[in-house]
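Protein sequence lines, in the order shown, are assigned to chains P and Z. Numbers 1 to 268, taken from the working numbering, label the letters of the first sequence in order. Numbers 1 to 268, taken from the working numbering, label the letters of the second sequence in order.
Treat the hints as calculated values from the structure; they're not laboratory data. Do not rely on the hints blindly, as some may be mistaken.
Copies of the same chain look alike in the list, so a pair counts if it fits in one copy or across any two.
[What the hints assert, rightly or not] Derived BS3-like pairs: lysine-lysine, alpha-carbon spacing no greater than 30 Å straight-line:
(1) Lys47 - Lys155
(2) Lys231 - Lys50
(3) Lys145 - Lys38
(4) Lys47 - Lys106
(5) Lys39 - Lys114
(6) Lys38 - Lys50
(7) Lys145 - Lys51
(8) Lys50 - Lys106
(9) Lys145 - Lys155
(10) Lys145 - Lys50
(11) Lys157 - Lys39
(12) Lys181 - Lys51
(13) Lys51 - Lys155
(14) Lys145 - Lys102
For clarity, every value in this text was computed on a predicted model and none was experimentally measured.
Protein chains: 2
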Amino acid sequence: MEKIVLTSLAILGFVPALVQQVSAQANPLPSWNEGAAKKSIVEFVAKVTKKGGRDFVPPMERIAVFDNDGTLWAEQPFYFQGLFVFDRVRALAPQHPEWKDKQPFKAAIENDMKALGAAGLHGLLELVMATHAGMTTEEFERTVKDWLATAGHAKFKLPYTDLVYQPMLELLAYLRANDFKTYIASGGGIEFVRTFSEKVYGIPPEQVIGSSIVTKFEVRDGRPVLVREPKLDFIDDGECKPVGINKFIGRRPIAAFGNSDGDFQMLE
Amino acid sequence: MEKIVLTSLAILGFVPALVQQVSAQANPLPSWNEGAAKKSIVEFVAKVTKKGGRDFVPPMERIAVFDNDGTLWAEQPFYFQGLFVFDRVRALAPQHPEWKDKQPFKAAIENDMKALGAAGLHGLLELVMATHAGMTTEEFERTVKDWLATAGHAKFKLPYTDLVYQPMLELLAYLRANDFKTYIASGGGIEFVRTFSEKVYGIPPEQVIGSSIVTKFEVRDGRPVLVREPKLDFIDDGECKPVGINKFIGRRPIAAFGNSDGDFQMLE
Numbered sequence: 001m002e003k004i005v006l007t008s009l010a011i012l013g014f015v016p017a018l019v020q021q022v023s024a025q026a027n028p029l030p031s032w033n034e035g036a037a038k039k040s041i042v043e044f045v046a047k048v049t050k051k052g053g054r055d056f057v058p059p060m061e062r063i064a065v066f067d068n069d070g071t072l073w074a075e076q077p078f079y080f081q082g083l084f085v086f087d088r089v090r091a092l093a094p095q096h097p098e099w100k101d102k103q104p105f106k107a108a109i110e111n112d113m114k115a116l117g118a119a120g121l122h123g124l125l126e127l128v129m130a131t132h133a134g135m136t137t138e139e140f141e142r143t144v145k146d147w148l149a150t151a152g153h154a155k156f157k158l159p160y161t162d163l164v165y166q167p168m169l170e171l172l173a174y175l176r177a178n179d180f181k182t183y184i185a186s187g188g189g190i191e192f193v194r195t196f197s198e199k200v201y202g203i204p205p206e207q208v209i210g211s212s213i214v215t216k217f218e219v220r221d222g223r224p225v226l227v228r229e230p231k232l233d234f235i236d237d238g239e240c241k242p243v244g245i246n247k248f249i250g251r252r253p254i255a256a257f258g259n260s261d262g263d264f265q266m267l268e
Numbered sequence: 001m002e003k004i005v006l007t008s009l010a011i012l013g014f015v016p017a018l019v020q021q022v023s024a025q026a027n028p029l030p031s032w033n034e035g036a037a038k039k040s041i042v043e044f045v046a047k048v049t050k051k052g053g054r055d056f057v058p059p060m061e062r063i064a065v066f067d068n069d070g071t072l073w074a075e076q077p078f079y080f081q082g083l084f085v086f087d088r089v090r091a092l093a094p095q096h097p098e099w100k101d102k103q104p105f106k107a108a109i110e111n112d113m114k115a116l117g118a119a120g121l122h123g124l125l126e127l128v129m130a131t132h133a134g135m136t137t138e139e140f141e142r143t144v145k146d147w148l149a150t151a152g153h154a155k156f157k158l159p160y161t162d163l164v165y166q167p168m169l170e171l172l173a174y175l176r177a178n179d180f181k182t183y184i185a186s187g188g189g190i191e192f193v194r195t196f197s198e199k200v201y202g203i204p205p206e207q208v209i210g211s212s213i214v215t216k217f218e219v220r221d222g223r224p225v226l227v228r229e230p231k232l233d234f235i236d237d238g239e240c241k242p243v244g245i246n247k248f249i250g251r252r253p254i255a256a257f258g259n260s261d262g263d264f265q266m267l268e
């Protein structure tokens, strides 16, 4: 069931006219309970799209920003990008025999969540750099796409990109049908989220904001490429979410949706 | 004459349907000479928009990137943002009596271009930080807008935002009428260019990439604001232009237009 929804959504992302037809129907958010949340969203959209109304907002200023982990897709048992990191460490381990006796790599190889927890943010960052840097942006994109196409959630036995929230997909389509531009502002990696955002959410790469590492222009075999370096560029979380939104969008969104402490400043 | 063109363009920016009608006419680039440049642009657009053709590009991937200084607007006698810096130093000088004996401020106050040249990039950066940091993003935006509304080019006696190239305005409109998303990738300040890009070029702030300084989230008088700090974040020039394009757009543009050495890597 979830799969059917997702597939049709992926098509909708490429056929805006169809989204509009579907969403302009009588009940734009069918999966939502008839409660205060739905009511306030529908009233808000009616208000800002009412021509001549006191709260009218021109289409070009209708920007809505969404957190990703825990808002658009699930985040249990762990951030999916974290699970990607651990899978990559295991895939790369044969080329790094030294990892099997070295923390935090040993913990990732053995799926030892307790030892990984003990390694803390610093340890996690070491794993991120070992798996996210040293290749071109195109090579990284291919690696993530391959992983998303083959890896599955341990409990639900489904691809991670199927574990998205149907009510939120409806909300994205509803807002776009009302001329909103929908953005993701994620604490996750910008290039990681961009590999699936268009297909899964109908959000093109240029409307994804996220954490990033430094990239460097190089010419390899006569071809210009960008190489990912093991150095943090920007962490898009907490007080930095409004910074990232200002940097990428340059004006205040009129709507924001998030689920965690890291979204508090953005919601302000 | 230039003013009429600009004014109508500013309106076009907000009425995309009108742009389409205007530009779908027989001659889409009326100010262009009937030469090789125009021919190659028109052929390129015909090719990528031809459904079923070998070179067809879906609308969501039609991204065109433009340099600003010297490409969309003029850059003589000096980058206009540089002239803004010198004007701001003069405007702020009464609050900084120490500047009148201190380089490079003294040179800016006295409009001594030779001494400014001798101060080099380091000196210019010192002036940029003194005039671009220490205020909120909203205060900075207001200052730039006030300056653009009142300052005039020494030779042409026109506002700087009138010194834009008519053929390039036509090219922007022509590409947008063919479902291109038009971006600016400028070596200039991102928040500087964003203050006028929508009105002058029809390019909204979220489609402007540029150099930036660090901003910090703060709550002032109970209101969340972003404060501009005297610290470089990103220089969007040379080898960093493709880096900026990848960061902000996340895919390769299919067209790029620039006029200087600093655009070479972007054009590659």
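Consistency of the hints with the structure:
1. Lys47 - Lys155: neither (42 Å within a copy, 48 Å between copies)
2. Lys231 - Lys50: Neither. Shortest intra-copy (47 Å) and inter-copy (42 Å) distances fail the 30 Å Cα cut-off.
3. Lys145 - Lys38: neither (34 Å within a copy, 39 Å between copies)
4. Lys47 - Lys106: neither (55 Å within a copy, 53 Å between copies)
5. Lys39 - Lys114: Neither, since 43 Å and 64 Å both go past 30 Å.
6. Lys38 - Lys50: within (18 Å within a copy, 42 Å between copies)
7. Lys145 - Lys51: Between copies only: 27 Å across, 42 Å inside.
8. Lys50 - Lys106: For lysine 50 and lysine 106, the Cα distance exceeds 30 Å both inside one copy (58 Å) and across copies (54 Å).
9. Lys145 - Lys155: within (21 Å within a copy, 55 Å between copies)
10. Lys145 - Lys50: Between copies only: 29 Å across, 41 Å inside.
11. Lys157 - Lys39: neither (35 Å within a copy, 55 Å between copies)
12. Lys181 - Lys51: Both ways: lysine 181 and lysine 51 sit 18 Å apart in one copy and 26 Å across, limit 30 Å.
13. Lys51 - Lys155: neither (48 Å within a copy, 44 Å between copies)
14. Lys145 - Lys102: So lysine 145 and lysine 102 pass the 30 Å test inside one copy only (28 Å; across, 56 Å).
Against the hints set out earlier in the document, violations occur for numbers 1, 2, 3, 4, 5, 8, 11 and 13.
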